[in-house]
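Participant: Sequence:
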Amino acid sequence: VYFPNAKHAEFQFVTVPNVLIRINPDGEILYMLRLKLTFSCMMDLSKFPLDNQVCTMEVASFSKTIEELRLEWKTLNPVIMGKGLRMPQFEIVEIMASDCQESFQIGKDKFRI
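Letter by letter, the sequence shown follows residues 1 to 113 of full-length UniProt numbering.
For the record, the hints were derived by calculation from the structure and aren't laboratory data. Hints are not guaranteed to be accurate.
[Stated by the list, open to error] Below, in silico cross-link-like pairs of lysine to aspartate or glutamate (EDC-like), each with a Cα-Cα straight-line distance of 20 Å or less: (1) K64 <-> E94; (2) K74 <-> E28; (3) K74 <-> D26; (4) K83 <-> E94; (5) K36 <-> E10; (6) K36 <-> E58.
[Stated by the list, open to error] Pair ranges (Cβ atoms, derived): (7) N24 <-> P88: 36 to 46 Å; (8) F48 <-> G27: 45 to 55 Å; (9) P25 <-> N5: 21 to 31 Å; (10) D99 <-> P25: 22 to 32 Å.
Idealized CB from N, CA, C, for every residue including glycine.
Turn these sequences into a full structure, and let the hints steer you where they fit.
Facilitator: Right, dumping it as structure tokens:
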């Protein structure tokens, strides 16, 4: 998987790589690793401070189809804002997780050189 709107990403290594792989008897695979990510967020501040902005954290499959890989949230409210996290100039109104299915036509074009 990758994060289409990430500006910067790095793996978290303290003493060893932070990776967990678990295969359940029903075939479900749990693969976890720690990343530090910085996301871009296009904002229109022309009406600031009387505006609302929407910033997203997008997750997508790099090379698998919807039939081969399904990314889904395990709980109803999977995103939790840390109590100590705040941005003095902004107020977070809502944190919302949603599902999306989108297909891209990557690699299906033919070129002649």
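Participant: Confirm or reject each hint.
Facilitator: A quick look at each hint next to the structure:
1. Of the pairs offered as hints, the one joining K64 and E94 is violated, with about 31 Å between alpha carbons and a cut-off of 20 Å exceeded.
2. With a C-alpha separation of about 12 Å, the suggested pair K74 and E28 falls inside the 20 Å cut-off, and the hint holds.
3. Between the alpha carbons of K74 and D26 the distance comes to roughly 16 Å, so the proposed pair stays at or under 20 Å and holds.
4. This hinted pair checks out: K83 and E94 have alpha carbons roughly 14 Å apart, not beyond 20 Å.
5. Straight-line distance between C-alpha atoms of K36 and E10 comes to about 5 Å, which keeps the hinted pair within the 20 Å bound.
6. Taking the CA atoms of K36 and E58, the gap is about 14 Å. The hint holds against a cut of 20 Å.
7. Our hint of 36 to 46 Å for N24 and P88 holds, since their Cβ atoms are close to 43 Å apart.
8. A hinted range of 45 to 55 Å holds for the C-beta pair F48 and G27, which are about 50 Å apart.
9. For the hinted restraint 21 to 31 Å between P25 and N5, the CB-CB distance of approximately 36 Å leaves it violated.
10. Judged by the Cβ atoms, the range 22 to 32 Å given for D99 and P25 holds: they are separated by roughly 26 Å.
In this structure, the hints that do not hold are numbers 1, 9, in rising order.
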